[in-house]
Amino acid sequence: MKVRVKAFARFREILGSDLPIEVPDGATMATVLAALRDRAGDRGTAIFDEGGALQAHVILMRNGKRVKRGDLDTLAEGDEIAIFPPVAGG
Amino acid sequence: MKVRVKAFARFREILGSDLPIEVPDGATMATVLAALRDRAGDRGTAIFDEGGALQAHVILMRNGKRVKRGDLDTLAEGDEIAIFPPVAGG
Amino acid sequence: MISITRDVIDTGTMIEAAKRPGMGALVTFCGVVRDDGVERMELEVYEEVAVRELETIRDEAMRKYPIESVDIVHRVGSLFVGETILLVIVGAGHRKEAFAASEYIIDRLKRTVPIWKKEFGRDGEERWVPGEPGDQTSSPPPG
Amino acid sequence: MISITRDVIDTGTMIEAAKRPGMGALVTFCGVVRDDGVERMELEVYEEVAVRELETIRDEAMRKYPIESVDIVHRVGSLFVGETILLVIVGAGHRKEAFAASEYIIDRLKRTVPIWKKEFGRDGEERWVPGEPGDQTSSPPPG
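From first to last, the protein sequence lines are chains A, B, C and D. Here my numbering is used: the first residue of the first sequence is 1, the next is one more, and so on. Here my numbering is used: the first residue of the second sequence is 1, the next is one more, and so on. Here my numbering is used: the first residue of the third sequence is 1, the next is one more, and so on. Here my numbering is used: the first residue of the fourth sequence is 1, the next is one more, and so on.
Don't read these hints as lab results, they were simulated from the structure. Treat the hints with care, since some could be wrong.
Said to hold, decoys possible - Quick list of in silico lysine-lysine cross-link-like pairs, DSS-like style, CA-CA up to 30 Å:
#1 K2/B with K68/B
#2 K19/C with K96/D
#3 K19/C with K68/B
#4 K65/B with K19/C
#5 K96/C with K110/C
#6 K65/A with K64/D
#7 K65/B with K110/C
#8 K68/A with K118/D
#9 K19/D with K68/A
#10 K19/C with K19/D
#11 K64/C with K19/C
#12 K96/C with K118/D
#13 K118/D with K19/C
Unchecked claim - Just so you have them, the derived chain A footprint on chain D, three or more residues with Cβ under 8 Å:
#14 11-22
#15 56-64
Ideal placement from N, C-alpha and C gives every residue a C-beta, glycine not left out.
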């Protein structure tokens, strides 16, 4: 199935702004993060630490709602995942 | 000699807005207040109490500067005396 | 700019004119004629003293807070519900100071600037708005 | 009105439109591009989430303070020094509540609305403005 990943600010510069990702049925956030880690490669240090875990300040959303990084819920076809650094509006 | 008295708000309605008052040389604020008391007559209760003293909240200025009600300085030709109730701008 | 005016206050133009390159925050206060059963208001001013007092308040605010500009326009004459009576604009590098200085200026102004308001109610009643208690005019000591 | 816009913000028009008969005070905050050696800025937004979050902030402010209206317009896209990034207008019967609610709204907005800024310096440097520390987005619990 397909999910869409939106990345913003510095993370958009690394990952692209809006990417469709193909994941197997039953995939969780971890599946998506693994795909993003591969995609980012050497440029991914702003997002992932050396062990491949998310950096402390990275924020994740699923369909516009904040989710914990260890969230084990299975994703659904068409889900919108967002990944971004701390906000700086105003 | 002549001094000018400016009255504002409710006091203007009682006394008039800008009145020349003739006072003898060596006159003080007390001389002017006595003249105003006469002028106000029965309508003067917003300004003067029954004994003829200024009500607690009345403000006096001489040439744009706040003066105490018991000020004993002698006035000068052309002085501008202002008398008004508590301000309410903004 | 410090001014007493009889004309409608153009808030948008004043805000744009207040901007300077070092500012990150502008806080604007508009005091307007509120409908408390009131149809219109008449404001009266001791103009020379009011202008001087507004300048004193601006100078004090600029000494007291790290801000870049203060503009104050106070309208007098006849005003209807919804019209702007008072406009205060404070420009600063950062917002905290701009907010603090705005509140300081308005609190001070209400106690010391010789301006008075008479309300004309829809019921035909006329009423002088009582002044806020306090020092009343910054000049010399209280009487 | 709550909105995210790519156009110049017309502050004066917005303030006049915010007025209601029961208001005696309108407090307006303009956040502008400050010249810290910066020539321009690019602002980026997660729009659907930002609009929903601004609406949440407005609703919270209206519950928390006795105020009559909240308008928030946040600009995104490319902005030069002196241009308004953020406009917040709070209308209330009295000034204290309007000031308190304005500060609450801005503090909250800076922590939780998904908008980011990149500065372009006159020296050719590009720099993402770091976010303010804090909860980050009001939705569910931190990760």
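Structure-based check of all given hints:
Proximity of K2/B to K68/B is assessed by CA-CA distance (about 21 Å); at most 30 Å being required, the pair is judged to hold. Annotation: proposed proximity of K19/C to K96/D holds, straight-line Cα distance about 25 Å (limit 30 Å). For the hint pairing K19/C with K68/B, the CA-to-CA distance comes to about 42 Å; that exceeds 30 Å, so the pair is violated. Distance hint between K65/B and K19/C is unfulfilled; the C-alpha atoms sit about 34 Å from each other, more than 30 Å.
For the hint pairing K96/C with K110/C, the CA-to-CA distance comes to about 22 Å; that is within 30 Å, so the pair holds. Simply put, K65/A and K64/D have alpha-carbon atoms about 24 Å apart, close enough for the 30 Å limit, and the pair holds. For the proposed pair K65/B and K110/C, the alpha carbon gap of about 18 Å is at most 30 Å, so the pair holds. As the CA atoms of K68/A and K118/D are separated by approximately 27 Å, the hinted pair is consistent with the 30 Å bound.
The straight-line distance between the Cα atoms of K19/D and K68/A is roughly 42 Å, outside the 30 Å bound, and the hint therefore fails. At roughly 23 Å between alpha-carbon atoms, K19/C and K19/D fall within 30 Å of each other, so this suggested pair holds. With a CA separation close to 20 Å, the supplied pair K64/C and K19/C stays within the 30 Å bound. Simply put, K96/C and K118/D have alpha-carbon atoms about 23 Å apart, close enough for the 30 Å limit, and the pair holds.
At most 30 Å may separate the alpha-carbon atoms for a hinted pair to count; K118/D and K19/C meet this at roughly 22 Å. Restraint check on the region 11-22 of chain D versus chain A: 0 residues with Cβ-Cβ distances below 8 Å, three needed, restraint violated. With a threshold of 8 Å between beta carbons, the proposed coverage of the region 56-64 of chain D by chain A is violated, since 0 of its residues qualify and at least three are required.
Checked against the numbered hints above, the structure breaks hints 3, 4, 9, 14, 15 and satisfies the rest.
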